[in-house]
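For the protein sequence lines, the chains are A, B and C, in the order given. Position one of the first sequence corresponds to residue 1 (our numbering), numbered consecutively onward. Position one of the second sequence corresponds to residue 1001 (our numbering), numbered consecutively onward. Position one of the third sequence corresponds to residue 2001 (our numbering), numbered consecutively onward.
These aren't lab readings, by the way, just hints derived from the structure by calculation. Keep in mind the model is a prediction, meaning the values are calculated, not measured. It is possible that part of the hints are untrue.
[As the list claims (entries may be wrong)] The following residues of chain B were derived to be distant from chain A, with all beta-carbon distances above 10 Å: (1) Pro1182; (2) Ala1206; (3) Tyr1270; (4) Met1293.
[Said to hold, decoys possible] Just so you have them, the derived chain A footprint on chain B, three or more residues with Cβ under 8 Å: (5) 1161-1170; (6) 1225-1238; (7) 1308-1316.
Cβ atoms here follow ideal geometry from the backbone N, Cα and C, with glycine treated the same way.
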Amino acid sequence: MILILAIILPIVTGVLLPVMRLKARARNLYMMVCTLLTSVLVAIALTGDFTQLELISLNKKLSISLHLDDLGKVFSAVIALLWPLTLLYALSYMKDAVNQTSFFTFFQMSYGVTLGIAMSANLLTLYIFYELMTLSTLPLVLHSGLAKSVKAGLKYLYYSLGGSAFAFIGLVYLVYFGGGTDFLPGGLFVGVGSQHTVQLQLGYLLCFLGFGVKAAIFPVHGWLPTAAVAPTPVTALLHAVAVVKSGVFAIIRVTYFSFGTSVLEGSYAQYISLALSAFTIVFGSAMALKERHLKRRLAYSTVANLSYILFGALLMSAQGLYAGLMHLVFHALMKITLFLVVGVFNRRAHAYYIEDVRGIAKALPVLAVVFVIGSLAMTGIPPLIGFVSKWSLAEAAILSGGLLPLLGVSALLISAVLTGIYLIVPAVTMYTRPPVILAPQKVESGFYVTLLALSAMIIALSFYSGPLLDFLYQTALGAI
Amino acid sequence: MEGLLLLVAILLPAIGSLMVVFMPWLNERREERCFFVGVIMVLECIVVLLIALDAERTLVLFEMTKQLPIALRSDGTSRVFSAVMALMWTISGFYSFSYMKHEQNEKSYYAFYLMTLASLMALTLSGTMVTMYLFFEMMTFISMPMVLHSRTKEAVAAGIKYLIYSVAGATMGLLGIFMLTPNIASPYFVEGGSLLVEQLNLPHTAFQVILLVTLIGFGTKAGMFPMHGWLPTAHPVAPSPASAVLSGVITKAGVLCIFRMIFYVIGPDYLRGTWVQWTLLSCATITVFMGSMLALREKVLKKRLAYSSVSQVSYVLCGVFILDTMALDGALLQMVFHALTKDALFLCAGAIILQAGVTRVDEMHNLGKSMPWTMWMFTICAISLVGIPPLGGFIAKWYIAEGALITSTPVFSWLVPVVLLISAMLTAAYLLPPSVSSFFGGMAQAETAAIAYEKKDPPLMMMIPITILTLAIMLLGIFPGFMIEVFTSLANTLF
Amino acid sequence: MSLVHNFPFISILLCMSAGIFTSVFKPRIARMVTFLVTGTVLLLSAMALSLTMSLDDSYPYMMGHFPAPWGNEIRIGRLEALMATGFSAVLLVSLIPGFERMPGFVSEKKSNLYCIMVDLALAAVLVLIYTNDLFTVYVFIEIMTIASCALVAVRQNGHTLVAITRYMIMHLFGSGLLLLGISMLYGITGHLLMVPLSEAVRQIVDGGQYLEPLTVVIALITAALAIKSAMFPFHVWAPDTYAFAPPLSSAILSGIISKAYIFVMVKFFYRVIGMDIIISQQISPFLFVCGVAGMIIGSVIAISQRDIRRMIAYSSVAQIGYIYMGLGMGSAAGTEAAMFQMLAHAAVKSLLFLATYELINVSGDRKRFRYLHGAGYRNIPAGIVFTVAAMSMVGIPFTGGFIVKLNLAIAGMAFGGWMRALVLVALAVSTLLNGIYFLHTVVSIYRKPAQDMVYPPSEKMSLPAAGALFVSMLYILCLGIGSEPIMRLIETGLKTFS
C-alpha cells in the first residue's frame, strides 16, 4: 500500500499544481512539503518488508506489480535522499525563470515515476515506468523553449524511443521463453535446460542496448551531452541521478533478475557488453577532456562513470555487483554535487566554460571548495569515496580473471588519470589564475545549504561507510 | 595507546599548518610566524628522533573497508627516511625565514610547507600499500601549491604539469597495488616481501609487465625516465627553499615507494634476474646519463641543478635495482648525501639569485669575490656531488659501483660503474667550471682584479643552514661508519 | 429465442430506415436522428454482446422466412458483436464534435444528404460484420463505397475532387475484382452462402480438381479487399482522401470503414476458405510482407509531410500495416492481435482526425507545422487528447497501442527465424518512426509560436465536443489498461468464428 502511495503522491501533486494556481511562495512550500512527504513514505517503506502488490493484470502471465526488495531499496533510498535536496536547490535556481509551474509539475511527476522504476516487481512494470519517465522528463529538457533546447529534447526523445523499442524486444523474449517477466534472484532460467540459451543471449543483448540508451553506453550516448542545455537542477538530478541511473538499474535487473547469470556468464553477450562498457569508460573520459563547456564536460564524465557501474555489474559475480552498486550510490552523490556547483556558476556568475571559472575562488570561495571536494572524490583520491568504489571494481575484475576484466581495470585507471586532468586542473585554475568574472551576483542561501549538505555527506561517507557497504554486499549476494 | 607518537608526528605539523592559516595573531608580524613555524619543525625533529629510538610500533587509523586498513608502522625504513626528511625540512625551513622575506604570500607558503611535511611523515610511516598510496596522492596535492607559489603563468603551467605527471604515475602505481593485493600474504609491509608466487592468479609475464608499470609509475616522483618530464620544469620555478626540498626530499618519497614495493611487498628474490630488473636498470642508467647530459647543456642555474637531481636520484635507483646488500647500502648513502648536497646547492643558488640577481651560470664569474662564503659552500657541495673523496658523495658512489660489480647481473654489473664514472665526469663538467670561474673570473681580468668587490654574502639566517649542511657532508663523508652500520643492518633484514 | 437475439437485425434495419427517412427531415433533425440511431445501435450491439458472451457458439439468424441455403442469413457471434459495439461507440463519440464543425465543410442544403450517407455507411458496416453470404457482401461493399465517396465529395474543393476521383477509380477497380472473384467462386462451387461454400471448397481442395481457379479466386478477392482497405502498395488513394475530406468523414473512413473491409477478409479466410489453405497458397506471407512494408514505408513518408493532415493519413497506412502483419502471420494469436488493433486504431484514428481539426482551427485554419506552434495552449482539451492519441500510436504503455505491439510481438515469437526477427525489428523500427513524427508534433504544438505569428480569434470548443473527445481518450486508455477481457473475448470469438 505504501509503495503505491509513494509513487502516486508525487504524480498527483504534480498534476494538481497547474490547476491550483498558487503564488510563488505558496507553491514553493507546497512542493517542499509534498516532496518531503514522499521521501518519508519511502523511508517507511525501506524499513518494512512488503510483499508483491499487483496493480493491474494484463493477462495470466503479465501484470503490473510493485515490490521492494534489497536492490530496489538501494535505488529508492538514493532517489528519496537526493530529490528533496535538489528541489531546495531548484527553488532558488528557478527563482526568476519563466514557466515555473510547468517546470515543477513535471519535476514532481518525475519523482513518482522514478520511484515506480525502483519499485517495479517485474520487467513489464519497469518498462512502463521507463517509458513514462522519458515522457515526464522531456518537458523539463525542453523547458526554455529555445531552439537548442527543442533540438536537445527531440534528440533525447528519439534516442529513448529507439532504446525502448529494443528493450521491448528483450521483454518479448522473456515473456515467450520465460513465461513471464517477474524479477527473481538468479533470473527466470535457473535450472532450466539450455536449448534456447543462444536465443536468450541475443535477447539480452538487445535489451542491454535498449536500456543502454538511458545508461549512455557508446554508441547510444549521444543524447546526454546535448541534454546539458537543460536547467541545472534537471541535468543534475535527472541526467546524473534519476534517468541515467534508471538505465543502469534496468540493466542490472535484466542481467541478474531476468535473464540471470547462469544464462549469461561466459557468453558472447557478456563479452560484447563488457567490451562496450570498457570502451565507453575510456571514450567518455577522453571526450570530457576535449570538451570546454563545463556542463557538457560533466555530462561526458557521467557517460564514463555509468560504464564503471555497468562494468562491475557485467562481471556476473557478487563482487562485481557489489562494486557496481557502490559506485552507483557514490557517483550519484559526487556527480550531483559537481553539477549543482557548476549550476551556481552558470546562473549567478554567467560562467559556462572552463575559461570562465578561472580565479573564481576569490569571489566564491565556498563554492570553489565544494568543487574541489567533488573533483577529488570523482578522481578517486583516497580517502574520499570515489577511491573505494574504484578499488572494489578493480578487485572484482581481478578476481573474475580473464583478459577482458583486466582490460577493464586498465580502462578504469586511464579514466582515473583523465578525470584528474579534466576536473582537478580547472579546480586549480580557480585558485591560481586571475579572475575572469569579477562580480558574480549574490548566491542565495538555498544553494549553500544544499551544496554544503552534499559535501558533508561525501566526507562523512568517506570515513564511515560500514553499514552502507554491508547492506550493498548483502544485496549483491542476494541477487545471484 | 600504542603508536601515539606516530600520530603525533603527523598531526603536529598539520595542526601547525592550520594554525598558521586560521590564527590571526600569528600573522600580525612575520617574525612571530617564523618563530612559530621554526618551533614546530624543531619539535617535529625531536618526535621523529624519539620514534627512531623507540621500538617498532603499529597504529591503525581507520578502516576504509574491512580489507583496507589505513595504518601506520615505524619499521627500519620508516625511521631512516623520516629522520632524513624531517631534518632536511627543518634546515631548509630556517633558510626560508630569511629568503621568503622577498616573496609574496608567505602565509600560504608556510602553511603548505608544514602540511607537506605532515603528509611526508605520514608517507614514510605508512604500514600498508593503500596507506602509502593515500598519502602519496595527498602529498602531490599539498606540495603543488608550493610549486605554483609565484602565480606566474609559467609557475601555474609547471604546477599543472607536475600534477598530471604525478597523478598518472600514482595511477600506474595503483594498478600494481590492485594486482598485488590478492597475491600477498598480508596487507602490511613485510621485510623481504610477502608475495605468494605459487598462487599467482595471472600468468607470470602479465604480472611482470604490471610490476614494471607500477615501479615506473612510482618512479615519476623520483624523476626516473620515462616519467621525468615534469621535474626540470617544476623544480626551478618554485621559490628556492621549495626547490631545495622538492629536489632533495620529495624525490626521495618516490624512491621510498619503489623501495617499499620491491623490498616489502614483492620481494627482491622474485625480481632478481628477470627482464623487469633489466628494464628498470636500463631506465635508471639512461636517466643517470641523460640527466647529466641535459644539465651540461642547460645554462640557467636552477634548471641545471634540477637536471642534476634527475641524474643523481637515479643513482639511488640504480643501487636499489641491483638488488644486493652492498649496492643497497650505496643507494641509501647516496640518498642521504644527495639530499644534503642538493639541498645545499639550491639554497646557495637562492642566495646567488637574491643577492646578485644572477640566474645563469655564464653570469657567475667573479661571484666568488663578492660572495665568498656562499661560493665556498657551493664548491664543496659540488665536489661531493662529483664524488671526489673524502667527501660523502664518493663513498656512496663507491658502494653502488662495487655493489654492481660483485653481483652476477649480466651487462649491468659493469655498465653501472661505467655510467657512474661518465656521469661523474659530466657532473664535474657542469658544476666545477661555474665554481672556478666565480673565483678566478674570466681571462684578462687584470684590471678588474684591483676593484674591491662589495661583499654581498647573504644574511646569517641563510648562511647558517647552508653551512650546517656542508659541514654534515664533510663530516659524514669522513666518518661514515655510523650510517653504514645502520644501513647495512636494514639491508640485511630485507634480503 | 429472446428479443435480444433480434437486436443485430434490428440495428441494421434501423440504420437503413433512418437513412431513408432522413431525406425528408430538416438538417437539424437529420443530425439528431443520426445521432440517436447510432446511440441505439450501440446499445443494441452491447446487449447482443452480453448475450453472445453467455452463449457457447455463434448463432445464425434468418433474414426473412426462408432458411438457408435458399434465404439470406446472418451470423452473430462474440467477435461480430464486439466489433459492432466498438465501431458504433467510436462513431457515436465522433459524431458530436464532427457535427459541430460540419457547417464549415458542408452547405446546409447538403447536410441531410450527409446524414443519410452516415446512416447508410453504418448500416453497411453492420451488415458486413454480421453477414453470412457473399452476395450480400458484394452489395453492401458497393453501398459502402458510394457512401464513402459521398461523405468525402460533399466538401466542394479542388483538392477533394482530385482525391475523390482517384478514390473512385481504385475502388471501382477493386469492386470489379471482387465481382469477378465472387462470380468465379460461384462458378466452381455453385454456392453463395458461406457455410455450404466452405464445404464445397473443402471438396475442391481434397479433390484437387479446380485448385488453380480457386487460388485465382482467393487472389482476386484478397486483392480487392486489400485495395479497399488501403494496404500497401494499394494505398495510393488513401492519403489525399483522408487529408482533404471533412474531419468527420476522415474519421469514419479511416477509422471504421476500412476496418470493415478487413473484417470481411478475415471472415472470408476463416469461414469460407480455411486458414490452412491461405497459408499453403502463400497468400498470408504476401499479406505479411505487405503489412511490414506498409508499417515502415507509411511512417517514413509520414515523416516527410509538411501538412499535418497528410501526416496522419500516411500514419493510417502504417497502422493498417500492423493489422496485415498480424493477419499475415497465419496463426490465431496473430489474427487476434490484428483484431485488437482494429478496435484500437478505430478509436485512435477518429480521435486524431477530430482533435487535429480543432488544433488547426485555432491556428487560423492553417495546416502546416510552423503555424501549429502553441496550438496546445490555445485549445487545451484538444492538445491533451492529441497527445494521448499520439502516445497510443507510438505504443506507450497504458494506451491501446502498447497492447497491440505486445500481442503482435508475442504472436511473432511463436515462429522461428526470419518471421520472428522481422516482426520484432519491424515493431521496433516502427515505434521509433512513429515517435519521430508524432511526438515531434506533440512537441510542436506545445512550443511557443514565433513572435510575429498572429492568430485570428476562433470560437472555443463547446462542452459536448470536448466531452466527447475526452470519452474517446478514456476509451484508448481503457484499452491499454483493461485489455484482458477484450482479448479473451476476441480469442474465444475467433474460435467460434469459422
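Results for each hint:
no.	hint	verdict
1	Pro1182	violated (6 Å)
2	Ala1206	violated (8 Å)
3	Tyr1270	holds (18 Å)
4	Met1293	holds (29 Å)
5	1161-1170	holds (count 4)
6	1225-1238	violated (count 0)
7	1308-1316	violated (count 0)
Of the numbered hints stated above, those contradicted by the structure are hints 1, 2, 6, 7, listed in ascending order.
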